[in-house]
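Peer 1: Take the sequences, apply the hints, and build the full model.
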Amino acid sequence: MTNEQVFADATKAVGEAIIELEHVDKFFGSFQALKDINLKVGLQEVVVVIGPSGSGKSTMIRCINRLEEHDNGRIVVDGIELSEDVRNIQEIRRETGMVFQQFNLFPHLSVIDNVTLAPRQVRRMPKDEAERLAMEILERVQIPEQARKYPGQLSGGQQQRVAIARSLAMKPKVMLFDEPTSALDPEMINEVLDAMKDLAREGMTMIVVTHEMGFAREVADRVVFMADGQIVEVGPPEHFFTNPQEDRTKLFLSQIL
Amino acid sequence: MTTTEGSSRPPFYRDVRVLKWLFQLVVFAIVAAIALWLWGNFRRNAAASGIPTSFDFLSAPATFSIPGADFNPNSPVRSAYVVGFLNTLRVSIVGIILATVLGVLIGIGRLSTNWVVSRLSAVYVEVFRNLPLLVLLTFVFLGVVLQFMPPIAEAWTPVSWIIVSNRGIGVPWYEGVSGWALLLVLAIGMVGWWLIARWRQRVFERTGQPSRAGILGSGFFLVTLILGWVLLGAMLTLPSIDGRQIIDGIRVDPSFFALLLGLAIYTASHIAEITRGSIQAVPRGQGEAAAALALTGFQRMWKVILPQAMRIAIPPLGNQYLNLIKNSSLGAGFAYFELTNVTQTTVGNGSPSVPAFFLTLVIYVVISLVTSGLVNLANQRFKVVER
Amino acid sequence: MTSPPTTLGTGTRAARWARKHLFRTWLDSALTIVFGGLALYLIFRFVLFVFVNARWEIIQVNLKLLMVGRWPSDQLMVMAVSVAVLGLWVGLIAGLVHRRQMRAGQSRLTAMTGGQRVVDLVRRFGLIIGTVLLLLALTNTNGPWLMAATTVVASVVGRVIGGAAGTRVLPRWVARTGVLLLALVPFAIYVYLSRTLALADWEGFFFNITSAIAGIILCFPLGVLLALARRSKLRLLQSLSILYIEFVRGSPLFVLLLMANVSLEFFVPASIAPSKVIRAIVVFTIFTGAYLAEIVRGGLQSVPRGQEEAAKSLGLSPTKQMGLIVLPQALRNVIPAQIGQFISLFKDTTLAGLALGILDLLEGAKAITQQPDFRGQGLIIETLVFVGFLFWVGSFTMSRESQRLERKLGVGTR
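Residue numbers (this note's numbering), protein chains in the order written: chain A, 1 to 257; chain B, 258 to 644; chain C, 645 to 1058.
Some hints could be false.
Claimed, not checked - Heads up, simulated PhoX-like pairs for lysine-lysine below, C-alpha to C-alpha not over 20 angstroms straight-line:
#1 K640(B) to K560(B)
#2 K127(A) to K964(C)
#3 K1010(C) to K877(C)
#4 K127(A) to K171(A)
#5 K197(A) to K173(A)
#6 K149(A) to K127(A)
#7 K277(B) to K877(C)
#8 K956(C) to K277(B)
#9 K877(C) to K171(A)
#10 K708(C) to K1052(C)
#11 K171(A) to K197(A)
#12 K277(B) to K964(C)
#13 K964(C) to K1052(C)
#14 K173(A) to K956(C)
Unchecked claim - Some, not all, of what chain B presents toward chain C, calculated at C-beta under 8 angstroms:
#15 Q281
#16 V288
#17 A289
#18 A303
#19 L388
#20 P389
#21 W413
#22 W450
#23 K583
#24 L587
#25 A589
#26 G590
#27 Q601
#28 T602
#29 V604
#30 F614
Simulated from the structure, these hints should not be mistaken for lab results.
Even glycine gets a Cβ: it sits at the ideal position worked out from N, Cα and C.
Peer 2: As structure tokens, this is what we get:
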């Protein structure tokens, strides 16, 4: 692949583009966290974002569901532009699900209440229907027996799978993962990664910020490498890991692989 | 793939920024409406009752006297306020000093290895922390002072120069020199102490010889005091009983004494808890590390544990001092003429109540803010430098 | 292998303890002797006072006056019923809370046998039980005994029902109406009591307790709103909130009460003439609201930001984020501080007696020493000791329970 072809990949989605970032900048005070980000993510595509800490990967996906506000450029999710419009923001948040590094489960609610909260409050689903949906999803992530327990009683891996279930209950079009396994003990990482792989196989559009290279190699359609707030290189995993083009990419890969 | 028009402004009723301002406006409108209603009621009622609402009353003659101070009943009300304010300061400052000394001692005692001392301290703290201050003050005033202090004819004199009676407590005082001069001597002594401490500290750093700053400094302080006393020609006056009065010396008003005692005992129990808590909050490893470095017990306390404990203690300590100052307002119930009592009296004598009390509240709030500011300053000065 | 030094029986062990804790150094021994002697002397004098010298007749005769003021004597049944209902209510809530804790795996009660639970309860509430028995001993009618017995029975029944109800999954309408009824009970009791005697005439220890409860309940919405406003990024809201909080916290409660005594009528339409009790409760609400605001603010700060972010990313509106996720956690985190504030308020209700001339427990105690039978005998000591004791028992017990709760919740160590 030539350089131009590699870079062209970032702005061309595999399939129909469901997320578009065009010339996105983000400043924290005078520090520029995102510099001219251009990315298109297609329907059912799995994009894995890697890079050193401070590269802006988390900031980028947090801009997509407006946990951070971008300063310049356009972000469009499923045809809705992310702007100051409250209705747009709420709609985008309904269509995207986010899984956090620290799980952020609600400790005062049981597992099933955590999962049914948003469908009942936001989509106004009746309680029984919501609970049926919740149990279905909990079975998909293989912890249906924990439904009545409280987050504090679960292991880290179980909690993160509940977090995934909680986001899935809203039937989002896109799932955003912000370093989902970084806070887990090693023996629990696999159960979460397995759940994520199942999701990918079922055709969910996913953007995953992670350090798990095995996951990237196995499941990603494209790998995006970010450093210093910019997208440095993009490519399919089979090319990306074996034949990186940019020096910065080579440096990073040599440090972690 | 559909796209909306680039960055068009959303309709105003959905625009996040507009909504924020709208919300603020609505809240402001509600608060303003309530305030205007209250103000309207106030104006109407004040006009109907014919009571003035300005601050002119401050210039009117007070028409009451303040026991324990030579206050001319014809002075304007604002002078009475000043007297009240000074009385508040007086009982507060002495109270803070007493409470701190007592409280820190009891707090340290609570951690003593001596079982008797530690238990007694615990009992003291648990008893007085859980009593309402007013009950304690009432007890001290009505119970101790009025009941147990003997009438002047049978005054108790443990030594010839202390007189205890229900008209007051007589203790020796200075005379023949102005109070300001003595204060100046005190200030000179303290500055000198501080300078000596700094000099000796530098000597210690340069040569490693013990600084002995404490001994030298306090020695200088004492010498200055004595010299100043003699040179200024100050004399001691000893109290004595003349008929039904205590003359000479200085008479500590029974109300002042009761208020002071109650405030000090009560606040000391809280300060003891703070002291104990902050010493215990210093990680055990600190004391262990200091011991491993062969520092003696005193050195461990003084150089390692107490400095860290002090940092932790400053905010809650400041809070207790503030509470003591505010609690001094209870003097109004015990015939001590601090600020609240003065306000109460002047209102009873015809001053308009709303402006009078409002002024008093403002004064207390200012005292509070100043004290908080000082506490913050102290906190900043002693903060641990962190990454 | 050498064997460890043997203990030579309890005698030596006690002596060793004494050497370590009482007589380690010369200074230590001196302290022990001086303070030990002082302590023994004080205990001796105190016991002598309480059991031998004091004339408790004044309390016995005036017990009703001190407790409920001038409540009509023939209507004491109303009081008894209210206390019993309150006991039932507390029991129900305790039962429901316990069930909820058990489900969340936070209760250690299941580890205790029935007998151990009784011992635990006695240890925690023994002081209150003892005080109640003491008060009952001072009365000379059967009424109070019946009231106490009924209340205990009602509490136990409530606890059992609450525990049972908590385990079942009830149909939604039953659960909803149940919670609503529970919330309304305090107000219902108030209405019931005020029909017998208007709020304006509530006196005695009854006044201290009810005005404290009213103050803390009413100040809650105010405190939460102020805390939210203070945290808000909207400048105007924040400034207003800070202004209110700092002004009220800088003012002595006593001065505010004195002011309410003479000034409150200026701020309300002339047709309303607020009674002293109402004035006291209004001031308590205004005052405690500011302190509660700071407590709630601390609680809000203790909730990790991720909670708000998770709620946001699920699409919950800001109101729902706060009301369903952040605020419940915030309030739960500062329960001990809230209890502390209530204890403070409880003790400060005595100020209303002095400032406004309400005949609360303290004022009552002072007043009865002026009765013709008791005047001039220095009985103020007895009455003040009695008053101090009652307040002390309440405050000490609540304080200890709060510490226990703090340990159990593991607040701040999650």
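Peer 1: State for each hint whether it applies.
Peer 2: Outcome of the hint check:
Between K640(B) and K560(B) the alpha-carbon distance is near 16 angstroms, which keeps this suggested pair within the 20 angstroms criterion. With a CA separation close to 17 angstroms, the supplied pair K127(A) and K964(C) stays within the 20 angstroms bound. Restraint check for K1010(C) and K877(C): the C-alpha separation of about 51 angstroms exceeds 20 angstroms, so the hint is violated. With a CA separation close to 16 angstroms, the supplied pair K127(A) and K171(A) stays within the 20 angstroms bound.
The straight-line distance between the Cα atoms of K197(A) and K173(A) is roughly 16 angstroms, inside the 20 angstroms bound, and the hint therefore holds. Among the hinted pairs, K149(A) with K127(A) is consistent with the structure: their alpha-carbon atoms are about 18 angstroms apart, no more than 20 angstroms. A hinted pair counts as satisfied when its Cα atoms are at most 20 angstroms apart, and K277(B) with K877(C) qualifies at roughly 9 angstroms. Restraint check for K956(C) and K277(B): the C-alpha separation of about 17 angstroms stays at or below 20 angstroms, so the hint holds.
The hinted pair formed by K877(C) and K171(A) fails the criterion: a straight-line CA distance of about 33 angstroms is larger than 20 angstroms. Straight-line distance between C-alpha atoms of K708(C) and K1052(C) comes to about 38 angstroms, which puts the hinted pair past the 20 angstroms bound. For the suggested pair K171(A) and K197(A), the alpha carbons sit about 17 angstroms apart, so the restraint of at most 20 angstroms is met. The suggested pairing of K277(B) with K964(C) holds, with an alpha-carbon distance near 17 angstroms, which does not exceed 20 angstroms.
Between K964(C) and K1052(C) the alpha-carbon distance is near 29 angstroms, which puts this suggested pair outside the 20 angstroms criterion. Distance check on the hinted pair: K173(A) and K956(C) sit about 17 angstroms apart at the alpha-carbon level, within 20 angstroms; holds. For Q281(B), the interface hint holds, the least distance from its beta-carbon to any beta-carbon of chain C being 5 angstroms, beneath 8 angstroms. Satisfaction of the interface hint for V288(B) is found here, the shortest Cβ-Cβ separation to chain C being roughly 6 angstroms, below the 8 angstroms cut-off.
Contact between A289(B) and chain C, as hinted, is not supported at the beta carbon level, the nearest pair being about 10 angstroms apart and thus beyond 8 angstroms. With a least beta-carbon distance of about 6 angstroms to chain C, the hint placing A303(B) at the interface is held under the 8 angstroms criterion. The criterion of a C-beta within 8 angstroms of any C-beta in chain C is met by L388(B), whose closest approach is roughly 6 angstroms, and the hint holds. Hint status for P389(B) relative to chain C: holds, with the closest Cβ pair at about 4 angstroms, below 8 angstroms.
Hint status for W413(B): violated, given a least beta-carbon distance of 18 angstroms to chain C, over 8 angstroms. About 28 angstroms separates the beta-carbon of W450(B) from the nearest beta-carbon of chain C, more than 8 angstroms, and the hint is not met. Given hint, K583(B) at the interface with chain C, holds; its Cβ is 4 angstroms from that chain's nearest Cβ, closer than 8 angstroms. Because the closest C-beta pair between L587(B) and chain C is about 6 angstroms apart, less than 8 angstroms, the hint holds.
Nearest Cβ of chain C to the Cβ of A589(B): about 7 angstroms, under the 8 angstroms cut. The hint holds. Annotation: interface hint on G590(B) holds; nearest CB of chain C at approximately 5 angstroms, less than 8 angstroms. For Q601(B), the interface hint holds, the least distance from its beta-carbon to any beta-carbon of chain C being 6 angstroms, beneath 8 angstroms. Because the beta carbon of T602(B) sits about 11 angstroms from the nearest beta carbon in chain C, more than 8 angstroms, this interface hint is broken.
Among the interface hints, the one on V604(B) holds; its C-beta lies about 6 angstroms from the nearest C-beta in chain C, closer than the 8 angstroms criterion. Given hint, F614(B) at the interface with chain C, holds; its Cβ is 4 angstroms from that chain's nearest Cβ, closer than 8 angstroms.
Comparing the model with each earlier hint shows violations of hints 3, 9, 10, 13, 17, 21, 22, 28; every other hint is respected.
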